[in-house]
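Read top to bottom, the protein sequences are chains A and B.
Heads up: take any position in the first sequence, counting from 1, add 12, and you land on the numbering used here.
Heads up: take any position in the second sequence, counting from 1, add 12, and you land on the numbering used here.
Check before you lean on any hint, since a few could be wrong.
Copies of one chain are not kept apart here, so a pair can be met inside one copy or by any two copies together.
Claimed, not checked - Derived lysine-lysine pairs resembling DSSO-like cross-links, with alpha carbons at most 30 Å apart: (1) LYS155 to LYS61; (2) LYS83 to LYS33; (3) LYS61 to LYS78; (4) LYS122 to LYS61; (5) LYS132 to LYS224; (6) LYS61 to LYS72; (7) LYS33 to LYS122.
These aren't lab readings, by the way, just hints derived from the structure by calculation.
Protein chains: 2
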Amino acid sequence: KQLQVTPAFRNMASVAKKPKKSMDALEDESEALEALDSCQNEIDALNEKASEEILQVEQKYNALRKPYYQKRNEIIQRIPSFWVTAIVNHPQLSRILEEEEEECLQFLDKLEVEEHENIKSGYWINFYFDENPYFENKVLTKKFNLGAVNNETPVSTSTPIKWNPDRDLTKTLPKKMAAAGRRKRHLQYRTFFEWFTDNNDPINDDIAELIKDDLWLNPLQYYLVPDVEVEQEDDEDGEGEDDFGEEADEEEEAEEVEDEEEKAS
Amino acid sequence: KQLQVTPAFRNMASVAKKPKKSMDALEDESEALEALDSCQNEIDALNEKASEEILQVEQKYNALRKPYYQKRNEIIQRIPSFWVTAIVNHPQLSRILEEEEEECLQFLDKLEVEEHENIKSGYWINFYFDENPYFENKVLTKKFNLGAVNNETPVSTSTPIKWNPDRDLTKTLPKKMAAAGRRKRHLQYRTFFEWFTDNNDPINDDIAELIKDDLWLNPLQYYLVPDVEVEQEDDEDGEGEDDFGEEADEEEEAEEVEDEEEKAS
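All chains should be modelled from the sequences, with the hints used to inform the complete structure.
Written out as structure tokens, the structure is:
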């Protein structure tokens with residue numbers, strides 16, 4: 013916002029209520045305001061410089077991290093079902109993943125978050141898929157252009173998915189869910205592919221942010237069983253009361269963890 | 013969160029469902045997990061270093077800004093009613109300021125935000141008052157210790173106010189407001205001094221954050237009439253439709269702006 017140092021202060025009203033000021037006092041006030049304006053400009057300039065330096069640090073580390081992320085991706089490709097497992101284990105991401113989508117993400121071979129060189133301006137999330145029965149694409153990308161540069165309007169776009177006949181999960185899944193009368197979960201997006209294809213509100217895309225700022229930072233922690241659970245299994249027959257609330261949310265996936273519970277008991 | 017590389021992966025369940033893997037395949041997977049863990053540790057270490065460098069930049073600029081803030085405070089003290097005007101003009105802060113509190117804040121001579129040397133660990137907001145009919149204190153400080161260091165619990169504390177007899181605005185104001193049957197505004201805090209004395213939720217103290225991250229960064233912009241309004245006065249008799257919504261919120265303060273409107277017409 014551009015500001016003007018004009019004599020039209022809101023406090024003129026209150027000034028008017030007070031005993032009249034001498035011309036000297038008013039002149040000093042006016043001088044003080046000019047001095048204040050130039051002092052504030054110096055502070056603003058420092059803030060600008062601070063932001064720039066911080067951006068530089070972030071860019072430097074982005075470049076330093078890049079080879080590690082590449083190496084990490086190569087290692088991950090040696091571990092079957094790594095990404096789908098990490099997503100299934102992620103407390104928030106798992107909530108948008110429908111069972112059939114989980115089957116589809118078994119073919120997710122590589123996930124990649126690419127930040128723009130000016131990291132404030134946006135990022136891409138690339139999903140690389142093996143050949144699969146659902147769609148023809150090898151890569152599905154959701155691109156975020158957050159427009160910090162040049163004050164562009166924030167937009168996101170997603171690769172159009174070339175679904176195989178009758179395998180379009182954005183069409184078949186909602187129908188199935190409606191037919192089964194399943195209550196909606198309290199979430200902005202109902203399914204993974206609904207999230208992927210929805211570009212209505214790019215600056216409030218919680219799922220994209222979770223992928224970028226949480227899953228991508230350390231997917232291993234989600235692939236592995238969290239500490240807490242391991243400790244609870246060691247507890248005397250502990251049924252894991254602490255995360256009972258979470259489990260209750262996931263009743264629908266109950267079948268999928270049965271094997272695991274058999275193992276634990 | 014501490015993580016362990018244990019053989020208890022959640023995906024054991026799904027692995028079990030699949031055709032049995034050869035010992036070789038399992039060994040490779042296990043090797044890959046170890047490589048992944050060490051690669052992730054290197055990424056974590058880089059992230060740690062990035063955070064430290066960013067903190068250093070912030071500390072450097074905090075030190076560089078300090079003399080300008082001091083100079084700014086000296087200049088501001090030459091401008092009568094500066095802080096109370098800036099607060100009254102601030103769209104959010106003004107909403108917690110009751111009329112009688114505004115009178116009290118006319119004695120607010122200096123405002124200061126002091127960040128801890130480790131800026132993540134907290135900050136103080138100092139309100140310096142001239143001698144006034146409300147309380148004896150010369151300085152009212154609200155201190156935030158956000159406990160980023162050593163994982164302390166976040167706490168805030170406020171200087172106990174030595175109110176003069178019958179001038180305790182935390183007691184007289186709520187009574188008056190209740191007597192007048194005034195509906196509460198939709199805000200966490202109802203009055204300025206209720207905010208100041210309330211330390212129940214230091215990490216979600218919106219008002220403190222507005223003072224620190226908005227008002228303190230550039231109080232001049234709030235002291236001055238925003239551009240928008242000036243332009244609207246130049247418009248043909250413009251009644252300022254754009255911010256009519258805001259004005260409607262402030263009906264209660266209508267008397268206070270009458271003088272100003274007279275001047276404008």
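Cross-check of the supplied hints:
Taking identical chains as interchangeable, the C-alpha atoms of LYS155 and LYS61 lie at most 30 Å apart whether they share a chain (29 Å) or sit on different chains (28 Å). Taking the closest pair of Cα atoms, LYS83 and LYS33 come within 30 Å of each other only across two copies (25 Å); inside a single copy the shortest separation is 72 Å, beyond that limit. Taking the shortest Cα distances, LYS61 and LYS78 sit within 30 Å of each other both inside one copy (26 Å) and across copies (15 Å). For the identical chains of this complex, LYS122 and LYS61 are inter-copy neighbours only, at 27 Å across copies versus 38 Å inside a copy, given an alpha-carbon limit of 30 Å.
In this homomeric assembly, LYS132 and LYS224 come within 30 Å of each other (Cα to Cα) both inside a single copy, at 13 Å, and across copies, at 23 Å. Taking the closest pair of Cα atoms, LYS61 and LYS72 come within 30 Å of each other both inside a single copy (16 Å) and across two copies (11 Å). In this homomeric assembly, LYS33 and LYS122 come within 30 Å of each other (Cα to Cα) only across copies, at 21 Å, whereas the closest approach inside a single copy is 72 Å.
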